[in-house]
Amino acid sequence: MKRLKGELPKRGWKIVSYGPDSSKARSLELTADHPEKKFSVVITLQDRRGRSEDPSMIEVDVNSSCFQVPDGQSVRDG
Amino acid sequence: MDYKTLKSLKPSEFEDAADGYRAASDMASAAKDRIENQLAPGMRSSLEGKSLEAALKQLKSLAQNFHYTQTECGLVATALNALAHDLGSAKRKLDSAVSGAQAEKFTVNPDGSVTYPAGGEKADGKLPEGGTAQGTTSEAAADVYRQSANFNPNPNFGRAQEYANRIAGALQEATEADEKWAPKLRKLKADDDLTVSHRDWSDVQSDTRAVGKGAKEYLETMGGPPKDGTPQDNAKWWKGLSDQERADYAALRPASVGALDGLPADVRDEANRTVLAEKRAQFQLELNSFPPMPMKYQPPTSGLTRAYMEWTEKTGGEDRIEFLRNSLKGMDAIQSRFDRTGVEESGPPGRGGAAGNKSLPPAYLLGFDPEGAGDGRVIIASGNPDTADHTAVYVPGTKASLGNIDGDLGRGETLWDAASRKVPGRDVSTITWLDYDTPRSAIPIMDGDIDPEAAYPGRAEKAGPTLSQFMHGVQEAQGGPEASHTTLVGHSYGSTVIGEASKHGGLAADDVVVAGSPGMQVKHADDLDVPKGHVWAMGAPLLDDPVPMGGKLVGLGADGNVPTDDDFGANIMKTDSSSHSGYWDTSDRGPSLSLMNQAAVIAGQHDEVKLD
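These protein sequence lines map, in sequence, to chains A and B.
Final position of the first sequence in my numbering is 78; the numbers increase by one with none missing.
Final position of the second sequence in my numbering is 690; the numbers increase by one with none missing.
Source of the hints: derived by calculation from the structure; they are not laboratory data.
One or more hints might be untrue.
Pairs of lysine to any residue, SDA-like flavour, derived with a Cα cap of 25 angstroms [said to hold, decoys possible]:
| no. | chain 1 | residue 1 | chain 2 | residue 2 |
| --- | --- | --- | --- | --- |
| 1 | A | K24 | B | H602 |
| 2 | B | K436 | B | K374 |
| 3 | B | K374 | B | S334 |
| 4 | B | K436 | A | F39 |
| 5 | A | K37 | B | G318 |
| 6 | A | K24 | B | P502 |
| 7 | B | K652 | A | K37 |
| 8 | A | K37 | B | E531 |
| 9 | B | K436 | A | V16 |
| 10 | B | K407 | B | P502 |
| 11 | B | K610 | A | D21 |
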């Protein structure tokens, strides 16, 4: 998570927040926006050791704005 | 049917033939399943384009052919088993009469008559003569023979006559069975084109009725599901049947097998898919041949024309047309779900989960009835609940019906995807449950009623026991309360139904999640039938979702407590929904908080729920 916090800005992301979320587990949550490409992401570290038999995981939720392809162009351009 | 034929008849030969048809039916079923659950999904997830569409269309036709083969061969097998049963009964009567006669040293002749020897007391130095008794099935004639036996000095006469009558009776029974079944079996022939048309499926329905009528006694040997049985009783009855009996019963009573709580998911699914195919054909045929509507009004009066009224009387009129159309729309939605098996859960915003690589598991149609409790019955599981580690049952609210089931099916799939994502190594099953008469309005005026139907608990009160029975049925089929972690998810009035189910029969669940709840008819979360601390509620702010407040005002929550109130005592989950219906949306500006919170509970990761 620390590495993400450090590396994402180098790729155009802006870190919006970084800290425990509002769950009982207080999982570490990183929120970032990419102003140029218009993405936003929430990355949550679910460290389940000691609270669940299921393996730990990092949850990544990426969202983007809606785009529309201009007439005459295709999705693959640019 | 003559004596010689029945004497040498082996009913087991018919049973062997039945086994052959059953094997053919099973092969067709396996082939159908392979196409629907492996081949088609495999192609959908890895190919695209026009040739894919063409190939899928052909595969679908093929699957339909197999389904039809499965059902009709199943009926043939059942008919043959029932014939064997009826003939077996007659043969046993014959064999018993014949061995009785032979034990008394009588001779049974090729025509069924019984020759008896001289016997009795000597008169004038001579023993009374023997003779031959001709059997009769006429009560009147039998009486006459009985009378004359009293005067016959040879006691053998009377007894030989009884045996002859019993033999005649057995032959008649066998003749009746033969004459009953021959035409039914002849009718179980497919037409010789390769298309399974609506007409063909409609014929399956009448074939089922015909075979069912004939097999009445055979069916009686299996008993039936216990009257007013609990899911446990039903499961016990089903387990007590042999494989053959189960197959035959399901062939003749698919609707009742499909609706029987406590039976395994795959059994219910097979039965309901047959009902679905038959009903779709029946409704489509009815719609296609619906007599055109005559002129409705006759100016200058404002009354209905006579012709219109007669047409309505005869056909069911516009209401019937609307019912047929809505039912077909709903059935298409169900079929679309089957067609989505294997496809990755990604789709237009609000419809699918965030794009990922989880492909939709096979669907199990646990309940289907176009009429149901009033708005149709549709119960569909994604993933087999009998073997799932985590099970969720989603109960929709106002306006849910067979006709618009598409949206609620989608929510079930969205929940499946989100929950599966939380616990990748586990089996998850999510069930959309619609089996009650839903209110048609919740928000005053906007939904069309000044006094919304959802303001009244009556529908929830009726629905509660049905939901409770269903939940216990799932638990029974899973193998008991410890088998799967189960969550009930209620939206709007659906949460009120859950409250009623909790009070009348219990929930057989581990967690309850409610979204936009107007009240659950209990004062406090601890009053619900789940362990303490396992009730979760979410509700958008008042202006975005007015339903919880509305419910509070009309008293759907006991003592004015609705689940999102602090003093109701539920865990309050954060939500990003901006409407009464947005709790399953994936928004395009940020992650879907509401959805992930529900998923966390379903997946048993309670500590990951983001709380308010």
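To see whether the hints hold, each was checked on the structure:
Using a Cα cut-off of 25 angstroms, the hinted pair K24 (chain A) and H602 (chain B) holds, with the two alpha carbons roughly 22 angstroms apart. For the proposed pair K436 (chain B) and K374 (chain B), the alpha carbon gap of about 53 angstroms is over 25 angstroms, so the pair is violated. The hinted pair formed by K374 (chain B) and S334 (chain B) fails the criterion: a straight-line CA distance of about 40 angstroms is larger than 25 angstroms. At most 25 angstroms may separate the alpha-carbon atoms for a hinted pair to count; K436 (chain B) and F39 (chain A) meet this at roughly 22 angstroms.
Taking the CA atoms of K37 (chain A) and G318 (chain B), the gap is near 64 angstroms; set against the 25 angstroms cutoff, the hint is violated. Taking the CA atoms of K24 (chain A) and P502 (chain B), the gap is near 22 angstroms; set against the 25 angstroms cutoff, the hint holds. Between the alpha carbons of K652 (chain B) and K37 (chain A) the distance comes to roughly 28 angstroms, so the proposed pair goes past 25 angstroms and is violated. Between K37 (chain A) and E531 (chain B) the CA atoms are separated by roughly 47 angstroms; this puts the pair beyond 25 angstroms, and the hint is violated.
Distance restraint check for K436 (chain B) and V16 (chain A): the Cα-Cα separation of roughly 29 angstroms exceeds the 25 angstroms cut-off, and the hinted pair is therefore not satisfied. The hinted pair formed by K407 (chain B) and P502 (chain B) fails the criterion: a straight-line CA distance of about 34 angstroms is larger than 25 angstroms. For the given pair, K610 (chain B) sits about 24 angstroms from D21 (chain A) by alpha-carbon distance, which is consistent with the 25 angstroms threshold.
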